[in-house]
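Undergrad: Can you build the whole structure from these sequences, using the hints too?
2 protein chains.
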Amino acid sequence: METKQRSTPCSDWEVPPHSCHTHTHTLTHTHSHTHTQAQIWEEPHTEAGSLEGVLAAVGTSSSTCCQNFIPSIYLLNDRRRVRTLIQCFSVTMSKAGGDDGGGAGGSSSEKARQPEDETPEGKVPGKLNASTSGPGWTKVSCPCCMLERVEPLVLVKLGEKVRPETKRWLIRLIGSSQKDGGAALLAHPGEDAGGDIIIVSAPRCTLLRATEELGLCKCYCSGDMEAFSYNDRSNFKDSDNMEVFLTLAERQYIVKYELDGLRAQRDLRVPGLSDSCTLQNRDNIWQKLGSAGVIIDTFPLHDPEQLKDLSKAWYSGNQLVQPLDSVNGYFGSSVAFYFSFLDFYTWSLLPPAILGLSITYFSGEVQKEVVESVSGSRVTGEGDDSGPTVSGHMIQAVFSMLWSTVFMEMWKRRSCSLSYRWGTLHLAERFAEPRPGFHGDLGVNPVTGRVEPLFPEWQRDLRIALVSLPVVGMFLGLVVLGMLCFYWAEAQVQQLNKDWESMLSQTLLYVPSVLHIVYTNMLATVYKTVAQRLTEYENHREESAFEKHLTAKVLVFTFFNYFAVLFHIAFFKQDVPLLRKRLASLLIVTQLINQATEVAIPFLVDRFISAPHRAENEDDPQEDKFRKQSTLPVFPGLFAEYIELLVQFGYLSLFSCVYPLTAVLLLINNLTEIRSDAYKICKLFRKPFSPPVASMGVWQIAFEVLSFVSVVSNCWLLLLSPRLQQLCQEGGLSSTNILLLAVLVEHLLILVKLILAVLIPDEPDWIRKKREHIDFTSMEALKQQKLQGEE
Amino acid sequence: METKQRSTPCSDWEVPPHSCHTHTHTLTHTHSHTHTQAQIWEEPHTEAGSLEGVLAAVGTSSSTCCQNFIPSIYLLNDRRRVRTLIQCFSVTMSKAGGDDGGGAGGSSSEKARQPEDETPEGKVPGKLNASTSGPGWTKVSCPCCMLERVEPLVLVKLGEKVRPETKRWLIRLIGSSQKDGGAALLAHPGEDAGGDIIIVSAPRCTLLRATEELGLCKCYCSGDMEAFSYNDRSNFKDSDNMEVFLTLAERQYIVKYELDGLRAQRDLRVPGLSDSCTLQNRDNIWQKLGSAGVIIDTFPLHDPEQLKDLSKAWYSGNQLVQPLDSVNGYFGSSVAFYFSFLDFYTWSLLPPAILGLSITYFSGEVQKEVVESVSGSRVTGEGDDSGPTVSGHMIQAVFSMLWSTVFMEMWKRRSCSLSYRWGTLHLAERFAEPRPGFHGDLGVNPVTGRVEPLFPEWQRDLRIALVSLPVVGMFLGLVVLGMLCFYWAEAQVQQLNKDWESMLSQTLLYVPSVLHIVYTNMLATVYKTVAQRLTEYENHREESAFEKHLTAKVLVFTFFNYFAVLFHIAFFKQDVPLLRKRLASLLIVTQLINQATEVAIPFLVDRFISAPHRAENEDDPQEDKFRKQSTLPVFPGLFAEYIELLVQFGYLSLFSCVYPLTAVLLLINNLTEIRSDAYKICKLFRKPFSPPVASMGVWQIAFEVLSFVSVVSNCWLLLLSPRLQQLCQEGGLSSTNILLLAVLVEHLLILVKLILAVLIPDEPDWIRKKREHIDFTSMEALKQQKLQGEE
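Heads up: the sequence lines are chains A and B, in that order.
When the first sequence is numbered by my numbering, its final residue is 2250 and no position is left out of the sequence of numbers.
When the second sequence is numbered by my numbering, its final residue is 2250 and no position is left out of the sequence of numbers.
You may find that some hints are simply not true.
Identical chains blur together in the list; that is why a pair holds if it fits in one copy or across any two.
Claimed, not checked - Listed next, the in silico DSS-like pairs over lysine-lysine satisfying Cα-Cα at most 30 Å (straight line):
1. Lys1871 - Lys2228
2. Lys2228 - Lys1715
3. Lys2228 - Lys1638
4. Lys1715 - Lys1616
Because the hints were derived from the structure by calculation, they are not lab data.
TA: Right, dumping it as structure tokens:
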């Protein structure tokens, strides 16, 4: 329409190599609905060959879904128009937005987002103009992927100094097919070629193929969840509508998965970069560009509409139930698993909380406990060392020990059904491509038969045994050393203070604590880097194995850091009152501080420092809104959240017999924790990528280990309890016999816990049947296939 | 040739209903080898229709293997000839005996077994006359199964009073196809219709189909082991030669599997039986006939040639290595697993034996230990309570505790590779038909989609929890009660003896022991029956689950029975010298007695009582030789053997620190045990059926549990050791502190064992890869199949 557009330099727009400088018709396939006007934007220079080429490509693709393929390439350079169109595309498709429902329901589902747009293009309804891809977006290679709207999924932030040719090259790379070494995604350069962002989306076929590669299960036409197969896509429910078929989190993760998987197919120079940054064959492009400073950040974009709905259902009201399915849909299964566990754990705290409360109440100890924990000194209560109190503590201890096993077993079952529900029960990670950072000699994978880097198992084991283990051990040693130095220094300083009693010596009293805190923090920071490096050095093939080993390393250290002092007090100092005091202060004070630092500070910073720079303006162009998301701090991951829960669980199971109100305090804490965590992830941070996972992974093991260690510590603490000792001495039992009794009880409890863990099946019966059914059909299919291969 | 044969009553021979009274040509397919003469035995009454029918049947069968189908039915009634032919068929086919190698290598592989035979048929070389089936054998329904020789696999012994019509009916049932409710096997009436035996064999197709049903893995053309598929049989190595493709044990088990799986398709009366024995629809025929007294016994037949070779390679010489593959081939995988474990265990005893020996030697205790264990009283050696001795005991204890875990983990790996090698890694039992004794309401199996009896899981769990557990617990209680009564009675009797000191009171001293032994034995006998009943009541679907639950029940009881006294001495009496005395006497005396009762007595009985009745005579007809096998006692199963090993292992791991020579004695014992067990199973008993198994099953768990319990008992015994106590008291440690130290050591050891068990992978790397490859291909196949199903 506006012929001056053609005069703009073509180089501003990414055009795939095989159809460069080709302008084709914008064909519109009308559905004989209300809106049948064909809007042709441009028609000059139509070269017959190019259309033929596209049609030929359609012919070779065997898909059954390309009912309306309308290839078109837009050549627009008007900034304003591009913005408008992206705005238009960012409107999420409503469920009704299938191919058939488009005519009637289309206009209502498109929110009036472009009122200020006066150009004729602004009024083009996406539904009617079933175009190849959005204007500005790279062309899709597969005709069945041509949807009327492209949804911006991921934003790639480039470095300040990246030159336009580099950006163009990158966009072309993202857009070209996997055969040509590209990612087969859709890329958009933002407002112009000079901008520092690239917006990435994914066409249907890439999404579906990646769904199969990841081994996600989707709803089959039979109603069961089955591992998705690209070739059989038509039998899966909603497989023609990506926004229903895959969750937003899955689509965004797939984009990241494809980008991370980009590997150079031969040695090549990146245009606009110095010669030092040439890519070698099979180099991971995304990693290399990241270290070269070309790519600063890759993060998924928030969807304001969905986010609003989600936050409404999640934490705005007084909901008791979390919208876990929506959380899974929006944030992905790893986040959803955390919140599911938090939810399950919180409700599981009810029985021990009620027991603890009633024991404390009926033994008339509430006041005393509270006073004790607040004042920090033991109230002299030698008068009330009555039998019931002691047995109350013991009941509490035994109950919490058995409770922790039952809780973990029930969680495993719940986790299993959630994983089935969310389609992550059969993740095929070990069959997929290795993770980006994986390196090794090229060879044939014995399992899948594909050529890929191989790294021998024994070499990894050797590295773990000879490098990782000693280094981790050394750091644990440093923690212990620090603690010992702290105790020694404190004793010295106290001695000094007693000898001198001056102002100086009184200030000196604080020096060891301060030094210890500084030392611990420094150690933790150094350790995090070291753990990351060690795990990279171990060269794990799967992302999950990498995560597992990294988490395990950090977990052991953090746990040691948290509990070393408590264990020292319990087992070496054998000072139960001090332990109780510490525990109460940790539970009350630390939790309060945690909540404050976790939520309040980011909230305040966000509201009063960052927000003014980020004032939302409805009139703002879409790119600027996207760009503003990148000013939010990066989501720090769930590690801190999980470790908080684990430490909580540790307080509860390891030392609960010392302080029966633990469960009550934790219950209260967690009810607010759910809300604050939800608020945090929704509002205060950039949206994180979240890989599909089948369980909590290594955290589950950590909780289980803790639950067994708790038996040892509880029995020991019960033994230490001065009232028990006194009672037994009155009963005429020698200390050796009490000890023997405690050991016997400990062994019995461990036995009972083991039996419980074995007897409660890890997966519900109905899931076991489904799994076996899948095994059976897949065995049958294998036999069938062999036969057909033979024929 | 001899026309008078046709005049014999046809009813003597089982003829399938659809081709009764049909005599067809004996066609010979010549391979253009040396022997090309076609020997036609009979040619009268050839009815064109029957041949056409057979040809039609060939047409419907889609198999690719029926290159030489030569249907023929022999009608012979000459006893002598039948015997000769059976003899001829019992010659096992040599490996070279394929269809193609038949011409050249055939004559040499046929051992001269029929020299006394003058009839022309005697000289008929089986290879050349590729006949439908042997004379007297029922006709096979599938033409590809027509082999020249039929190998007698299983003997069914009928009751004395079974009437000929019942036998005929039974033979017809065995021979008719599965569609008609039969077993699709081959049956032979022995010498005549009145005899009390039926010899059963299996045609090729039945064997192959059952191989698939059982989920056995066989060598694929690619060289890997893959789950066998009937439709894809041509791609499996040797699948046209059953005697190479399946082991003898597998073929025999398949016959039993098919016979056991016979179910009445409708209500029917068995001919020759009273009306009380009618079969209801879906009744298990074999079970019903067994309880009606028609079938007395079903057992696999020995193959004298193979047995001779096997025994030569196994126990005749001074072999250090057992021919495990041959054992697996001849006796089946469950027997082979026992002997593999025995072998592995014996060699694993070397390190602790060497350590025990050197510790005992260097601490100069050999003499003392021997004297002590023989004299039964502790030699007063208070002078030599030197440090090194104590630490030697401790080294021995710690070593044996860690050794037991490493041993079990290494065995798991070995077991895994054996199972891969023997093709039992992917047993598909849960996908197969339920075991014969299983009953329930008919329904659709949710896993396989087949109609079969279903029994809800929760009902079984309920029965286990509410019936089995209390009953087993009651019996364990009775054992403890018996022990307590024994101790009480002994104390009473000794008191009595002290008071009276008469002849009468001295004889009374033995009464408690005798009563206790009688009581224990009675209890054990009753318990065995009860355990069987309980497990049947639990109604397990799979044979392996049934075995597992039965074994677990008997195991717990037997173990309790064996170790209750030792534990009582160790933990309650805390009498280490008594424990050592008991242990030494158990190790030396009991083992000797065991070996004697296990081997010597059956051997003597066999040689001097049974053998004269069973004198082998080369001229004996084959049926009589078969019948003689039924006079051998039934193989009592491997339960006693396993429990012997477990008890041994218990002595070693639980109490080894008390008596360091345990490992040495066990090593010596086991070296003879291997031989005596091998001799026993080869010569003294009837050949047992042995189902294909993938591991030792529940025994593995029992050994592992024992290995963990051993830490507790060893630490306790070290604590009790008077020398340690003395040493510590000299060192100024209070008894509480020693106890604490022991508890600490115990926990550390358990931790180390757990870490070892986790770190050593349960399956070797190469098997993991193969398994993952199978998973991968089967996943791929599933996707493929879904697609094809759709098209």
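Undergrad: Check the structure against each numbered hint from earlier and tell me which ones fail, lowest number first.
TA: Failing hints: none at all.
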